[in-house]
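Enquirer: So you can see what is in the structure, the chains are spelled out below.
Protein chains: 2
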Amino acid sequence: MKKVTDSHVKEIRSIVKTGRVLTNESDRFSYSFDASFGTYLPDVVIQTKSVEELVALVKLANREKIPVYPRGQATSLSGGPLPVHGGMVFDLSVMNDVLEVYEEDLVAVASPGVLTSNIHKAAEQKGLLYPPDPSSSHVSTIGGNLAENSGGPRGLKYGVTKDYVIGLEVITPEGELIRTGGRTVKNVTGYDLTKLIVGSEGTLGIITKAILRLIPKPPASETVMAIFDSLVDAGKAISKILTSGILPSKMELMDQASIVAVENYEPSGLPRDAEALILIELDGHPLAVKDEAEQVSKVCKEAGAREVRIPQTQAEKEEVWKARKLVSPAIVRIKPTKISEDATVPRSQIPEMCRRLQEIKIKYNIHLVVFGHAGDGNLHPNILADKSDKEEMRRVEQAVAEIFETAIQLGGTLSGEHGIGTMKAPFMEMELGAAGLDMMKRIKLAWDPNHIMNPGKIFPEPGQKLVLSE
Amino acid sequence: MKKVTDSHVKEIRSIVKTGRVLTNESDRFSYSFDASFGTYLPDVVIQTKSVEELVALVKLANREKIPVYPRGQATSLSGGPLPVHGGMVFDLSVMNDVLEVYEEDLVAVASPGVLTSNIHKAAEQKGLLYPPDPSSSHVSTIGGNLAENSGGPRGLKYGVTKDYVIGLEVITPEGELIRTGGRTVKNVTGYDLTKLIVGSEGTLGIITKAILRLIPKPPASETVMAIFDSLVDAGKAISKILTSGILPSKMELMDQASIVAVENYEPSGLPRDAEALILIELDGHPLAVKDEAEQVSKVCKEAGAREVRIPQTQAEKEEVWKARKLVSPAIVRIKPTKISEDATVPRSQIPEMCRRLQEIKIKYNIHLVVFGHAGDGNLHPNILADKSDKEEMRRVEQAVAEIFETAIQLGGTLSGEHGIGTMKAPFMEMELGAAGLDMMKRIKLAWDPNHIMNPGKIFPEPGQKLVLSE
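As you go down the protein sequences, you meet chains A and B in turn. The first sequence begins at 1 in UniProt numbering and counts up by one. The second sequence begins at 1 in UniProt numbering and counts up by one.
Since the hints were made in silico from the structure, they are not lab data. Since the model is a prediction, treat every value here as computed from it, not as a measurement. Hints may be right or wrong, so weigh each one.
Unchecked claim - Some residues of chain B that are not near chain A, with every Cβ distance over 10 Å (derived):
| id | residue |
| --- | --- |
| 1 | Ile178 |
| 2 | Lys186 |
| 3 | Thr243 |
What the hints assert, rightly or not - These stretches of chain A come out as covered by chain B in the derived footprint (C-beta under 8 Å, 3 or more residues):
| id | stretch |
| --- | --- |
| 4 | 9 to 18 |
| 5 | 261 to 270 |
| 6 | 323 to 331 |
| 7 | 351 to 363 |
| 8 | 384 to 393 |
| 9 | 408 to 420 |
| 10 | 425 to 439 |
Ideal placement from N, C-alpha and C gives every residue a C-beta, glycine not left out.
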């Protein structure tokens, strides 16, 4: 990997006519971290809305073998935008000028810097819905969501970001501008480059525009909160709902530690003594969701819920969902360092995964909180620690490794929605096998022979291990 | 490309201990065609259920540079399984022994030779649904559906085959057995090889097992038939329904030629004088679909439908959908050779596409019938001709080329669900551009350096043109 020299900076400045080139250390420092671990200073940061300029910069980077790190709002929990080998950071959050909704095509077109919540709003203004709803949607860019294939609670019924991307404009690692897919919902013309690029964590190119599929906005929704004295019963209720013929739009789990943390943070009458809460949202036709909410309540009671609440007003519904949203900010009060995982298991393994997580918590004596998108098997075990306590961080490292191993043993995966990035790269071969990982590497090499595009992500470097205690 | 020699056959026979090796010309002839154009005799046909034996055969083929053609039931309309360079055909329709439904995981596991309709049945027995429903589902294998990323009418609401595949077992072109994805609905661990392989038309490997996502079966459905004196009004009604907040499970169009063909074939009281029919299915909660059917009727009437019928009994509903299914067999009565296209446009362009198709029909003096999945922009213009009439077939060639060009001009794609295969390969660069096609070729080359896996598909050979008149 080469460093950016003064003469490179000169060439970069001659290319970037419409934007900014940042070289001061204080400016560059703002681009050295994300919402995960570690700090890496880039050599130079570029802000431009011009695709033409970005193409020229990628060509320069490829010629000179300088790493390129595309970046949105850097809310990544896996290190996606971290400039681990220095080089150039492209701040694509400035590319927020295109957001068009084509009502008749049920399509939106967006540039990568648009905030995801703005896409939600634009769609809703036309009676439409862009379903993917990562918790960060009010601060994260669609470009980041695309790179990481973000999920969110609505994944249960509606799937993830990838399921709503039908076309892309992409700068390849060698600086060619290509268009994949298009404005049609069905397209089998050659290989599906769209779905290959979405979720490739910025390692196969830079997305400069996306065509997103929208759906009619469901006219009504109902919320159900079920309170359990046993986490295992809650797990069983989730399974029963999913085999009852009803597909909720959301089905979220909060364990006792999450409930207590939220009540300490902002009390709203959640039962501190309950071992688990399930929050369920049903959306669709008003008559359907009313009836389905009753059915879901019945299933929960049969599965052992001690209480089921159905909020009646919009304000009451929002109060319930606010509790779920507060988990992340609330648990940081426990300890300052939060390691948020997203190991995902087949749905039937949710109760067993919960049990194993409790074992890991005790074995390594860590602060572990479990919540997440239980309906699709995507739990978020969060470990709270203090990164200045080296001994504790070593225990955390071991616990994280065991969480990954457990998920894979149960037929699951390292990452449901956060991505591999830097932290999970050492575990890739464990899940994929050497041959599976090799087929991914072949694609990377064929597209990016000089390894300039977001290097240091996804693929483990020789002998790489998880290190949190440095 | 090398031919299979006697010594190869000897080696093949030594590998295939549990299956059959067919070398007689009469046996091989059965494997020389599919439901599209052309006849190509393979050198040898292998039937085995053993993944181990298939792995050894692929290694042999790769070492000796012998083409390998995986094949299901050969219902392909684009030439997917045609052994255009001879070599070995793997008859995977015999690999039909695995079909397991894991109710709690909402997952089915199937081997490639299982008929798609058997997956439908197995899911329904557990109250679940495997949504993809290509018209061929009672005769096509899931392996073929996966290779071609099959669609079908339910694509409108539920998407296509790819949207329901979460894991694969695949033999790579160099004979490595890899597993992609898994049993979780969320998975962002590395590149999405699952969605790359599904729809790659057998050019990137041989699928030996698939993990399919199921959903709860919607408890009720309603059908609406709307009759129009104007094809353009029918197009407008489709747009209005899609922006009314309702997402039908199916929305199919039949033009006058289709209506008349079906009435001549098996009369069921369809209006011969109508310029278009729309058939709509709504599925979901019983109360919801009843109300939505009323709303859809109202929208159709406002858009100029002269009559709207809502069948009341299950038998009446089936009668309506039978008419749609009869279009394909009915139109073959017009002339013996059917060229079934699937050019797809953004939804807003459906009325314009219909208009342009009428122009092409007149310009080239061809028998053109238009029907298909209008709700997702995936029309099926079918040309009826007689392949022994060279002069007519030359006009058909020109008309087909103009249909492709028109779809792309309108922002659409060459293929919505049939695949590229042999016939559409010459048009790939027109849609993708040289750089876009090159990025696909790089993947092919990186995975299959000896070009043994289904060669002659997707990628145009130098100077290749569409020829139907030979």
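Enquirer: Give a verdict on every hint.
Expert: Against the structure, the hints come out as follows:
1. Ile178: violated (4 Å)
2. Lys186: Given a closest Cβ separation of 4 Å, the condition is violated.
3. Thr243: Label violated. Min Cβ-Cβ 6 Å, cutoff 10 Å.
4. 9 to 18: This one is violated; 0 residues, fewer than the three required, reach chain B with a Cβ under 8 Å.
5. 261 to 270: violated (count 0)
6. 323 to 331: Three-residue rule not met by the stretch 323 to 331 of chain A, so violated; n is 0.
7. 351 to 363: violated (count 0)
8. 384 to 393: violated (count 0)
9. 408 to 420: Our answer is that it holds, as 10 residues pass the Cβ test (under 8 Å) against chain B, meeting three.
10. 425 to 439: holds (count 9)
The structure fails hints 1, 2, 3, 4, 5, 6, 7 and 8 (numbered hints given earlier, in ascending order).
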